[in-house]
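So the protein lines, in turn, are chains A and B. Here our numbering is used: the first residue of the first sequence is 1, the next is one more, and so on. Here our numbering is used: the first residue of the second sequence is 340, the next is one more, and so on.
Honestly, the hints are just simulated from the structure, not real lab data. Positions of the beta carbon are idealized from the N, C-alpha and C atoms, including for glycine. Do not rely on the hints blindly, as some may be mistaken.
What the hints assert, rightly or not - Covered stretches of chain B (chain A as the covering partner; in silico rule of three or more C-beta atoms under 8 Å from a C-beta of chain A): (1) 377-390; (2) 407-420.
To be verified - For lysine-lysine, the following BS3-like pairs were computed, each having C-alpha atoms within a straight-line distance of at most 30 Å: (3) A/Lys9 with B/Lys475; (4) B/Lys608 with A/Lys84; (5) A/Lys252 with A/Lys329; (6) A/Lys84 with B/Lys414; (7) A/Lys84 with A/Lys193; (8) B/Lys534 with A/Lys9; (9) A/Lys252 with A/Lys193; (10) B/Lys475 with B/Lys534; (11) A/Lys84 with A/Lys9; (12) B/Lys414 with B/Lys534; (13) A/Lys329 with A/Lys259; (14) A/Lys9 with A/Lys329.
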Amino acid sequence: MLLDIQDLKVHYATNQGVVKAVDGVTLSIGENEVVGIAGESGCGKTTLIKSLLRLLPGTAAVSADRLAFRGRDLQGLSDREFRKQILWNEISLVPQSAMNSLDPVYRVGEQVVEAIRAHVETPRRQARERVAHLFDVVGLQASLMDNYPHEFSGGMRQRAMIAMALALEPSLIIMDEPTTGLDVLVQERIIRKLLEIRREIKSSILLITHDISVIAEMSDRIGIMYAGRLMELASATDLFEQTHHPYTLGLKNAFPSIKALDRELISIPGSPPNLIGTLAGCAFEGRCPFAVSACASERPAETEVGPSHRVACHRLGDVETMRIQASEKSTWQSSKSAA
Amino acid sequence: MNRARSTAVPASENVLSKALRGFGGALRNQGRIIGASGLGRIGAVIILFFGVIAILAPWLALHDPWETLRDASNKVAIMRPPSWDYPLGTTTLGRDILSQMIYATRATMIIGLISGVVSIAIGANIGLMAGYYGGKLDEVLMRFTDIIYGMPFLPFIIVLISLFGRSQWFVVLAIVVIIWRTSARVVRAQTLALKQRQFVSAAKARGCSNLRIIYRHIMPNILPLLLLYTAFNIAWSIIAEAGASFLGFGDPDQLTWGGMLYDLWISGKSRVAWWWFAAPSIAIVLLVSALVFVSRAYEEVANPRLRQR
Chain A
1 MLLDIQDLKV HYATNQGVVK AVDGVTLSIG ENEVVGIAGE SGCGKTTLIK
51 SLLRLLPGTA AVSADRLAFR GRDLQGLSDR EFRKQILWNE ISLVPQSAMN
101 SLDPVYRVGE QVVEAIRAHV ETPRRQARER VAHLFDVVGL QASLMDNYPH
151 EFSGGMRQRA MIAMALALEP SLIIMDEPTT GLDVLVQERI IRKLLEIRRE
201 IKSSILLITH DISVIAEMSD RIGIMYAGRL MELASATDLF EQTHHPYTLG
251 LKNAFPSIKA LDRELISIPG SPPNLIGTLA GCAFEGRCPF AVSACASERP
301 AETEVGPSHR VACHRLGDVE TMRIQASEKS TWQSSKSAA
Chain B
340 MNRARSTAVP ASENVLSKAL RGFGGALRNQ GRIIGASGLG RIGAVIILFF
390 GVIAILAPWL ALHDPWETLR DASNKVAIMR PPSWDYPLGT TTLGRDILSQ
440 MIYATRATMI IGLISGVVSI AIGANIGLMA GYYGGKLDEV LMRFTDIIYG
490 MPFLPFIIVL ISLFGRSQWF VVLAIVVIIW RTSARVVRAQ TLALKQRQFV
540 SAAKARGCSN LRIIYRHIMP NILPLLLLYT AFNIAWSIIA EAGASFLGFG
590 DPDQLTWGGM LYDLWISGKS RVAWWWFAAP SIAIVLLVSA LVFVSRAYEE
640 VANPRLRQR
C-alpha cells in the first residue's frame, strides 16, 4: 500500500465554532493505482490534499489516526524533513488552476529546473536535459522551455505543470482539478496524455475533480466526498453500476450519460450543510429524499457492501428501491431542503 | 526559426558569457524603459552628466576648492561674479565656486546614492518579511514602521550631531533611518497581493523554502516598484542632505551643495552674491527633477494604468 489515511480530520477554529472541513476520511491508495475523489465545490477535496501535502495555513488543525506513506509515518516528520524527503521526491502536485501556477518572470523550463534542483543535487545541464525529456513526455516541444509563461497557451501551461510534477518520478502524483478551466478539446487531449503517461511511468495518481466524466474516464477507484466526509468509495465500474449511496445516485442524475441521451438531467435541490459545529447524523440528511429519523441523529458507519466498496448510509437495505425511485424527478423534490 | 535559435543557445554557451549576456540584456531593458518616455530620457542624460562630473572630479576641477585665489594683479579674488577667469564666480574667501561645485557634486551624489540604496534595502526586506510571513512578525515590523513614521528628521539629526559630532555619516544615517519606512509599507502591500497568487503556492507545493519564495519568486515580481522607490529615495536623500547641510548639520570638512549654501548664508552676502546662490540651487533642482523624471518612467512599468494610450 502506497498511502494509508485513517480517519483524517482537518478542523478550523473560528469565532462561530469549529469548522470541520475534512471530517474523518479513511482512504488508501495502492501502487500504480488511480484514485479519483469527486464531489461538489466546498466539500473538502482540496483541503484533503492540502493537508496531505502540509500546505494548509497554521490555523488548520490536522489530525489522523494513521497517515503513512509506504508504511512510514508521515505525522512524525518535521516540516523540513517532509519537504526534503517526501515532497516532490515521493508525492508531487499538479495544483488547482495550474495555468496560473507559473511565475511570470522566469522561463518555464527554468522553473522545472528549479523544482528538480531544489530536491536532488543535479548539474544544471543535466537538469535541463531532464526537462527537455519531460516536455517531450507531456507533448510540448523541448525548445519551448526557454519561453516565458505568457507565451504559452492555457493547455501548454497545464502540460508544463504536469511535466513539473513528473520531474522526479514521484510514486504519487496528486492532481487537483487538472482539466478545469480548459475547453473540452484541450481537456480531452490532456486526459489522453495523462493516460498515456500513466502507462509509461508507474506512479499512482490521486485525482481530485468535480467533473464526474473526467474521473470516470481515468480512475480505477472513485470516492465520493460530501461535506468533508467520504460517502461512497468503490471501483469505477461498481460505483456507477452498483451505486449504493443516495448522493451518488443524485450526482449520476445530474450528469448526462451517453447511454441515455434523452434523459432529463435532475439536480439535487439545496446546498451542502454548514460545516460549523458537529453534524450529528449523516451530512447528506438535509437533501436526501430517502432520509429517515436515524439519519438526522446518528452518523452512519462506513459499511463494506462488496469487495473494496464502502458506503456510509443507514438505508443500505433498501438500495434497490432507492435506485428505482432516484431516477424520478419527483423523488428529489420531496426532500427536506426542496420543500 | 525560433526553435533553432533557442535550442542552439544552451548547449554552446559557457556560464560566464551567459551571465554577462543576461546582465547586458537586463541593462538594455532598463535603458528601453527609461528611454521610452521623453522626460525619462532627459532625466537619464542629466543624471549621467552629474555622474561623470562626480567620477572625474579631481581631474575636472581647475583649482583646489579650499584655495584662496589671487587674480593677475595679485589681489585676492573675493566675491567675483562669473567671468572668464572664474566661470561661476568666487566666494567671500576667494574660493572658486566651479571647483567647489565639482567636488560638491561628488559628495552629494555619494551621500544620495548610499542613503537611497541602503534605505531601499532595509525597506524592501522589512516589507517582504512582514508581508510574506504575516501574523506576529508583520505586527511587530509594521508597528515599528509606524513608530519611525512618528520620527521627525531634523530633531533626530540634531540629537545625533549633538551627541556624536558633525559628520556626513550621521547625515546618511539620519536619512536612512527616516526614509526606509515608505518603501517598507509599499513593498509589504505588494507582497501581500503577490503571495496570494497561484505561482507562490505552487512554489511552496514543490518544496521551495520561504526564503527562496521571497527572494526568488516575490522580489523579482516587484522589481519595477523597487527601482521606482530607489529613485525616489535617492532624490529624497539629496534634498534632505541639502536641507541638513544648509542648516549646518553637515560635515564642515566636506563640500556638498547644501554645505555651499550654508557657507553663503553665514557669510552674510546672500543678498548680493547671486552666483554663489544660483549654482548649488540649480544643481539640486536639476538632479532631483532628473531622478523624478526617471522614476516616472519606472512608475509606468510598475503601474501600467499611467501609460498613455
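Comparing the hints with the structure gives:
1. Here the stretch 377-390 of chain B counts 0 residues with a CB under 8 Å from a CB of chain A, which misses the bar of 3, and the coverage is violated.
2. Using a Cβ-Cβ cut-off of 8 Å, 0 residues of the stretch 407-420 of chain B lie near chain A, which falls short of the minimum of three, so the contact claim is violated.
3. Between A/Lys9 and B/Lys475, the direct Cα distance comes to roughly 27 Å. Compliance with the 30 Å bound is thereby established for this hinted pair.
4. A threshold of 30 Å between alpha carbons decides the hint, and for B/Lys608 with A/Lys84 the separation of about 72 Å lies outside it, so the pair is violated.
5. Restraint check: the Cα-Cα separation between A/Lys252 and A/Lys329 comes to about 13 Å, which is no more than 30 Å; the hinted pair holds.
6. Note on A/Lys84 and B/Lys414: the hinted pairing is violated, with a Cα-Cα distance of about 80 Å set against a maximum of 30 Å.
7. For the hint pairing A/Lys84 with A/Lys193, the CA-to-CA distance comes to about 29 Å; that is within 30 Å, so the pair holds.
8. Between the alpha carbons of B/Lys534 and A/Lys9 the distance comes to roughly 26 Å, so the proposed pair stays at or under 30 Å and holds.
9. A distance of roughly 26 Å separates the Cα atoms of A/Lys252 and A/Lys193; the hinted pair therefore holds under the 30 Å criterion.
10. A distance of roughly 17 Å separates the Cα atoms of B/Lys475 and B/Lys534; the hinted pair therefore holds under the 30 Å criterion.
11. A distance of roughly 24 Å separates the Cα atoms of A/Lys84 and A/Lys9; the hinted pair therefore holds under the 30 Å criterion.
12. In summary, the hint linking B/Lys414 to B/Lys534 is not supported, as the alpha carbons are separated by about 70 Å, beyond the 30 Å threshold.
13. Between A/Lys329 and A/Lys259, the direct Cα distance comes to roughly 19 Å. Compliance with the 30 Å bound is thereby established for this hinted pair.
14. The straight-line distance between the Cα atoms of A/Lys9 and A/Lys329 is roughly 35 Å, outside the 30 Å bound, and the hint therefore fails.
Violated hints, listed in ascending order, are 1, 2, 4, 6, 12, 14; each of the other numbered hints is respected by the structure.
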